[in-house]
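Protein chains in written order, with the UniProt record's numbering: chain X, 1 to 265; chain R, 1 to 294.
A short, non-exhaustive set of chain R residues, derived as facing chain X with CB atoms under 7 Å:
1. 73
2. 74
3. 82
4. 84
Using 30 Å as the maximum straight-line C-alpha spacing, the simulated DSS-like pairs for lysine-lysine come out as follows:
5. 101/X x 7/X
6. 261/X x 75/R
7. 261/X x 15/R
8. 260/X x 57/R
9. 261/X x 57/R
10. 96/R x 7/X
11. 101/X x 96/R
12. 96/R x 130/R
13. 101/X x 75/R
14. 101/X x 57/R
15. 7/X x 75/R
16. 261/X x 96/R
17. 7/X x 133/R
18. 15/R x 186/X
19. 3/R x 75/R
20. 101/X x 127/R
21. 96/R x 164/R
22. 260/X x 15/R
23. 127/R x 186/X
24. 186/X x 101/X
25. 7/X x 130/R
26. 130/R x 101/X
27. 260/X x 75/R
28. 3/R x 261/X
29. 261/X x 133/R
30. 15/R x 57/R
31. 25/R x 217/R
32. 75/R x 130/R
33. 7/X x 260/X
34. 3/R x 260/X
35. 101/X x 261/X
Source of the hints: derived by calculation from the structure; they are not laboratory data. In this text, all values refer to a predicted model and were calculated from it rather than measured experimentally. The beta-carbon is built from N, C-alpha and C at its ideal position, and this holds for glycine as well.
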Amino acid sequence: MSWALFKANLRVNRMIWLLIIAIYSFYSITLVSMFDPESVDALKKMMDMLPPELVNAIGMNFGSTLLTFISGTLYSLLLYLFPMIISIIINHRLIAVHVDKGSMSYLLSTSNSRLRVATTQAVFSLVSITAIFCWITALTLIASSVMFPGLMDIKPFILLNGYALLMYYTINGICFFASCLANESKYSLGLGAGIPLAFVLLQMLGDSGDKLNWIGNFSLFALFDPARLFAGDSFAYLGMAVFAGLAAALYAGGIFIFNKKDLPI
Amino acid sequence: MIKVHSLTKIYSNGKGIREVNFNVKEGEVFGFLGPNGAGKTTTLRHLMGFVNPSSGKATINGLDCRRDAAQIQQKLGYVPGEIAFYDNMTGNQFLKFIDELRGRHDNERRNQLITRFELEPGRIIRKMSKGMKQKVGLIAAFMHDPAVILLDEPTSGLDPLMQKRFIELILEERDRGKTILMSSHLFDEVDHTCERVGIIREGEIVAVENINALKGKLPKSFIVTFGQIGDMKVMQNSGLVYKETGPMRVEININEDYDNMLRTLSQCHVIHMDSPPQTLEQIFMGFYGKEGNK
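Just need the whole structure built from these sequences, with the hints factored in.
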């Protein structure tokens, strides 16, 4: 770990990070405020008028409690949007941009080993996404307790965030691995953005109709199923374990490759 | 101090370096000369531990350049051929950042170097000219007072005054016992600073020589304009190698026989004489010529 490098990462990435946090926070508060215990049924009826394929494809599944409402909105399509932008951009910048631009040669010429540089970047990558989920969990809990005191099931909500965070460790792992593997920006971005986005597309296709349901199973995100988490299904815990294992393998693999490869700098 | 032994690296496109051998002694300034794409940077990348050799190895102070890179770099300064920094930092912020990465807090030498190279350290790096960025790179490489310094085409972008300051700095560091390896594609650049030079071409070392011995061996050309028709006759009988480049103008090519040329020219009426500066191509031509004669 190099604290100086960690601080420099903060400096480089703070703008995009704060921007995404701001938008994400806005959605969180807005969605909580949209919840109306009386009119959930009315909202449901309105959604029923839309073609079910469309409703499913955008992942809107409201349920009837504040927890399921938030889980069906903030933790469906939006979950694949804002934190993913952070994952893709920050991980791309952590390693691949420095190799492509050549500034990696300065980092390595300061007697910091490759292992140390890569480990620092991996820690930063994990901390940045963890901080986002901590913030959004706290904010949503505060917002709901202010607007709807006592209505939020706090424990399952925190569990839901842990589940989502573990999934994001895997997504981050993919982006970080791509960043370590690629010597050129375009390959790092291509893999780091392409693979997670392909999973999102598979997921949307799978959700859009019964006939296409099988496609969704090819998506990594099929392992993320809040409904089964709330039902106490062991599938969700299995999913968490797979996410954690994949993330660990991807980060370790990325660091290993970066430590061994030829650097064109 | 720096030992390169049978270093070979072949890239997938067939380019690379083959069986590169040379040593740089402690306290020596060594010039590493070759045209663009000859393998200078590839060799330096090995010394920095950025790439894995296909075979052979390089060591600095007895440490393996790839395996012990981090340890070597504690006492090494490096100026990469292509400069790229954290663009949004100012010069000062960047230099401070590098010092922090090295775990250093002493900034006396940094300030001396900033004054010496007249750097405006408050400017954002992205907005700096190429020469100014080069200054930042030089200061970053020298400010921790390293024992070994690797420079990849260090004077590119510097104006003549700064080039002079740079040469002064190199000579000073040499006198302080530093070991310096400097790559260049300009003969003049290494001429002023280096004791020995290694010449690399298409991935292979062509020669490692003392700079004065090298200069002596190099072919030299003189363009001479004569004032009388008869002078051309004298030239024809002189045995000198020359070709006519215009009316009454010849280009004489010599190796070491200055005497013969001077004797011949003293019999002529010379109205103009010029010796174009040597380009690297001519130096290489000299080496091929030698190989051809063998």
